[in-house]
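Asks: Residue strings, one per chain:
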Amino acid sequence: MLKTTGNDLYKWACDLFPINRSITGPGVRETLLYIQNLFPALTIHEIPSGTNVFDWTVPDEWSIKSAFIENKKRERIVDFANTNLHVVAYSEPIDEWISYDELDKHLFSLPDQPDAIPYITSFYRRNWGFCLTHNQRLSLDKKTCYHVVINSKLEKGSLTYGELIIPGKSEKEVLLSTYICHPSLGNNEISGIVVTMGLTHWLTGLLDREYTYRILFIPETIGAITYLSKNYREMKDNTIAGFVVTCVGDDRAYSFMPSRTGKTLADKIARFTMENYLSKYDEYSFLERGSDERQYCSPLIDLPVVSVMRSKYGTYPEYHTSLDNLDLICSEGLGGAFDIISKCIEILEINQTYIVTNPCEPQLGKRGLYTLNSNSKVGDTINNLLAYLDGKTDLVDISKIIQADIFVCNETILTLLKYSLIKKNIKD
Amino acid sequence: MLKTTGNDLYKWACDLFPINRSITGPGVRETLLYIQNLFPALTIHEIPSGTNVFDWTVPDEWSIKSAFIENKKRERIVDFANTNLHVVAYSEPIDEWISYDELDKHLFSLPDQPDAIPYITSFYRRNWGFCLTHNQRLSLDKKTCYHVVINSKLEKGSLTYGELIIPGKSEKEVLLSTYICHPSLGNNEISGIVVTMGLTHWLTGLLDREYTYRILFIPETIGAITYLSKNYREMKDNTIAGFVVTCVGDDRAYSFMPSRTGKTLADKIARFTMENYLSKYDEYSFLERGSDERQYCSPLIDLPVVSVMRSKYGTYPEYHTSLDNLDLICSEGLGGAFDIISKCIEILEINQTYIVTNPCEPQLGKRGLYTLNSNSKVGDTINNLLAYLDGKTDLVDISKIIQADIFVCNETILTLLKYSLIKKNIKD
Amino acid sequence: MLKTTGNDLYKWACDLFPINRSITGPGVRETLLYIQNLFPALTIHEIPSGTNVFDWTVPDEWSIKSAFIENKKRERIVDFANTNLHVVAYSEPIDEWISYDELDKHLFSLPDQPDAIPYITSFYRRNWGFCLTHNQRLSLDKKTCYHVVINSKLEKGSLTYGELIIPGKSEKEVLLSTYICHPSLGNNEISGIVVTMGLTHWLTGLLDREYTYRILFIPETIGAITYLSKNYREMKDNTIAGFVVTCVGDDRAYSFMPSRTGKTLADKIARFTMENYLSKYDEYSFLERGSDERQYCSPLIDLPVVSVMRSKYGTYPEYHTSLDNLDLICSEGLGGAFDIISKCIEILEINQTYIVTNPCEPQLGKRGLYTLNSNSKVGDTINNLLAYLDGKTDLVDISKIIQADIFVCNETILTLLKYSLIKKNIKD
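Residue numbers (my numbering), protein chains in the order written: chain A, 1426 to 1853; chain B, 1426 to 1853; chain C, 1426 to 1853.
Next up, chain A with everything else stripped away, as it sits in the complex (with noise of 0.2 Å):
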């Protein structure tokens, strides 16, 4: 097994975080190909504009090449050549003088957080506007005009997408989605980008691998809904758990989106690993969703799908501002989610059901296995799973019976699966 340290995951946000992406147009096709370089396994997808896509269309390819605001004095007041939050996503071309009374109706800014550039999209209702911090905003002089320039493109083109799968034993897969749509956001962009990057990395040295793990990197929202149009059939049979990879990034906490239900394999799973693994987590209720959730578990697709993440998005005040930056994310908090999410996935794969060879006790004392512990209070691991393994409980539910660490569990399942004395059971 290859693991990635959290410096790894830092450094990767650092040469991606950069990049202009919205949920289509060039930013995603670099953020691709970055990732594709590391791992050549990747699939890029682009489907067409115009596309029917469920109850939606794909809308037509923004790209931008720069854009300003400039006084009489021809000062580039707000340019995005400084950051690409300073333009709203989606904005449609312009280059006109105009009074501070129109240019005022298209500034976005923060009046309680003056210092921080806010996210502003305008995906699916044309517009333009800049984003801008409040200080600047009441900088401006309100008895002038302006040079308001956005050299953007809208027009037919692709909605663009990864994919990667890694083949397991078992038909049965686990998903991992994350998005690259988000212009230069930390912990809630960059994070899930880098960590999914990371469990890649690790998943393909794992050995043995007991599933198929299916890694999306997709706009969110509508490269989810297009995503699942074309996919929907073949993943609905075979996912047996899911995960929304986004929010890993900083160090401040640590959290859990249930799926719409909250009582599937991948809730409990994650339940499971958070509780036993972590001193301390908060679980949102999904009426707190924000993310492609909203998608993967929608009543007709209804996928078992969760997100186990650090500070989750809307909770912390810098979402969505510039202030998610670079300086908000860590190393120990990309390594903290990788672990957490990581640990998940090892337990979903340990996590079988096994049957009892022998009816009653078999005899351990001629095989070398019988521990002395007649006295003991409770009876030790080798007991209790030969007592509990029946076929139908899992690992998860044993290794809470039995009070057991469940990876202890699972080093003397391998020795009990040595000497014949249980066997797998294949669920219905």
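Treat the hints with care, as some may be off.
One copy or two, either will do: identical chains are not told apart, so a pair holds if it fits within one copy or between any two.
PhoX-like cross-link-like pairs, simulated, lysine-lysine; straight-line CA separation at most 25 Å [as the list claims (entries may be wrong)]:
#1 Lys1578 / Lys1791
#2 Lys1581 / Lys1791
#3 Lys1661 / Lys1817
#4 Lys1655 / Lys1791
#5 Lys1768 / Lys1594
#6 Lys1768 / Lys1498
#7 Lys1490 / Lys1825
#8 Lys1693 / Lys1594
#9 Lys1849 / Lys1594
#10 Lys1594 / Lys1843
#11 Lys1849 / Lys1693
#12 Lys1848 / Lys1428
#13 Lys1705 / Lys1768
#14 Lys1843 / Lys1581
#15 Lys1768 / Lys1490
#16 Lys1530 / Lys1567
It should be emphasised that the hints constitute simulated quantities derived from the structure, not laboratory data.
Since the structure of chain A is provided, determine the placement of chains B and C on it from the hints.
Replies: Structure of chains B and C alone, referenced to chain A:
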């Protein structure tokens, strides 16, 4: 929808209170004719004495013209003309001079409530008797004899009940049952009749009724048994919920009698309604049952029937005495009961199951339904409904899950239906 | 019904205590002959050494005539004649003079309980050894040598057990299993044998037994495995509940060992009985199991077997030492255990399912069963039974629902059966 006010209900109560009802006889017919005059759709049924109804036999019909106890001075000490509670219901005729000691065996009074006349019956054991206040009883001269006259008849006749069917779109039906067999008693008789009349009035005017309503005005116990013996088969398959309307007249409490199992749709709707639209109510145990749920919920009948009440029978001191009169009930009491039971029915009517028509979230924007709330902590009702309308969960449960008022949910449901974003799901 | 008293049980215990039992050999036979003398229906089975029983093999038979350690002065320091705990069970024969250092490797004592002789076995690993008090051990001269004699035999023979079937009206059966393989030990051996004998006596005299009783006197572990390998098939379909009768002799506690799942009929009956008829008891976890429920509840056997005990094995200081003797157990302890286990069986016998024969309530009055309680807050037992006997809910659950003693319920059940107002429902 035509609503009746508490004042209307109280006026009806004043008209009906003085009639001398029993389980059979002219008082029952007079009561039913009063109701039929207001609701001509009411059918009055007569079932002959001697008819076998399950384990029972319809008894002889009882009628009474006058009754009194007079002393040697021909002073009427107790006179049925003053209140029809003075005679034990189903008393045999008598006209004799008897000693005080003999008389005393046939007197009923309440030592703990010396100014109240008890309500006593002897339906299935031939007897006669007088009910009086304990103070009256104490004033009798123990050394003299009394002239006892009960001018009653017990002879072949019939048991009378009223039935009113209000058809709806569905064959599935809701039962409303109240009793018409107690003489002048307020909370524990008249209130049930007039609130059921109010509900009949309101349901008749209700547009687009989903369900059919079966409304019964019947003598308690023998009437319910008689009715069920004739109509049980068609009720069994169609009845989704039912309410015994009883003790709905005073203004001191709200209370709930669950069905035998406590787990029917009627229980669920009643509890949901009372929890959400009353500040306080008491739930009793089925062990404390006492009205026709005894028949409707009996094991081989097993209909989903509950009672949503004001002060429950047996729990208030005036119960089954002359103090349960027109002063005990009031328009606020009757009106509050009408409101909560009609609210139960409204919720029953809208408590349908819907399923979304699109996989993934639909694009609300292109329909002008998009509500800008990307940063709101809890998604709004439209998005939450689209996330949870899975064709299995009914609106009551969804309202609980998404923490939104069920009537607000239903407004949004109507919008989603209009745009074909959901459809009604026919439950199996 | 013939009841045995605690005194009878204690007398049997005194007779059986001194016999040198082990998992095979003459002590087992002597014990079984004593029981057969009282209960001639007991069948004694002999299974030859070397027989394969599931994963195990019936071991050689062990017998011992004498054993001692003597010093150079020919003083017997340790003598099997004093207590048969002095020799490690299944010790090989030896007759040698050996040094203290060599002897010391074969001595077992308890430093924390210096006056207690431990009970030690070596059934499946050939060895020899002596058990003695720690004080005795400390008094040995470390610089001399000792004459060690164990006059034992380990040779082909058989494993012996006793089986007694008491037929009932139904093929469905109840298992009682106790063990006969420990030498002179009180609470953890003899108590189980004599309480099982008491139950046998009582069951034989019980009129109209509903169930068949399978009563086993077997060596622990290997005996249970041997018995199951021969009888499992017929037990599997018919056994509705079972009790391992163990640790039923002292008067310090009542305790309960559930089955593996904790959800069988045996668990339900035992918990109901202990909750209702004991002031206090401790429920242990199946993780603290230690007797033949290890075999009966193993996944591929999965019989509904529990233990209703006094002080549980492994929880009291005298356990598996010479202090677990006839002073530790007493007639009150044995009698209390007999009472609670026989109460479990009585409740199991009456815990049937009934269904009413009439739709609606029957007319009790015409049968003289009417109890005047129209004003009582909680209906009486007869009405409540008629309301809840739905053919699905068993008497234990109904007794809980209607808050009435199950034996009082059963008296009323007999009345209702007499009047054909209910009938027994045959469960699927």
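Asks: Work down the list of hints and note, for each, if the structure agrees.
Replies: Outcome of the hint check:
1. Lys1578 / Lys1791: between (78 Å within a copy, 22 Å between copies)
2. Lys1581 / Lys1791: For Lys1581 and Lys1791, the Cα distance is within 25 Å only across copies (19 Å; inside one copy 74 Å).
3. Lys1661 / Lys1817: Answer is both: 23 Å inside a copy and 19 Å across each meet the 25 Å cutoff.
4. Lys1655 / Lys1791: between (57 Å within a copy, 22 Å between copies)
5. Lys1768 / Lys1594: Classified as within; 19 Å inside a copy, 55 Å across copies.
6. Lys1768 / Lys1498: Cα proximity of Lys1768 and Lys1498: none, with 58 Å in one copy and 69 Å across.
7. Lys1490 / Lys1825: neither (57 Å within a copy, 49 Å between copies)
8. Lys1693 / Lys1594: Classified as within: same-chain Cα gap 22 Å, cross-chain 43 Å, threshold 25 Å.
9. Lys1849 / Lys1594: within (14 Å within a copy, 42 Å between copies)
10. Lys1594 / Lys1843: Answer is within; shortest intra-copy Cα gap is 20 Å, inter-copy 48 Å.
11. Lys1849 / Lys1693: Answer is within; shortest intra-copy Cα gap is 21 Å, inter-copy 32 Å.
12. Lys1848 / Lys1428: This pair counts as neither: shortest intra-copy Cα distance 31 Å, inter-copy 49 Å.
13. Lys1705 / Lys1768: Answer is within; shortest intra-copy Cα gap is 16 Å, inter-copy 44 Å.
14. Lys1843 / Lys1581: So Lys1843 and Lys1581 fail the 25 Å test inside a copy (60 Å) and across (32 Å) alike.
15. Lys1768 / Lys1490: For Lys1768 and Lys1490, the Cα distance exceeds 25 Å both inside one copy (42 Å) and across copies (61 Å).
16. Lys1530 / Lys1567: The answer is within: 13 Å in one copy meets 25 Å, while 100 Å across copies does not.
Consistency note: the structure conflicts with the earlier hints numbered 6, 7, 12, 14, 15.
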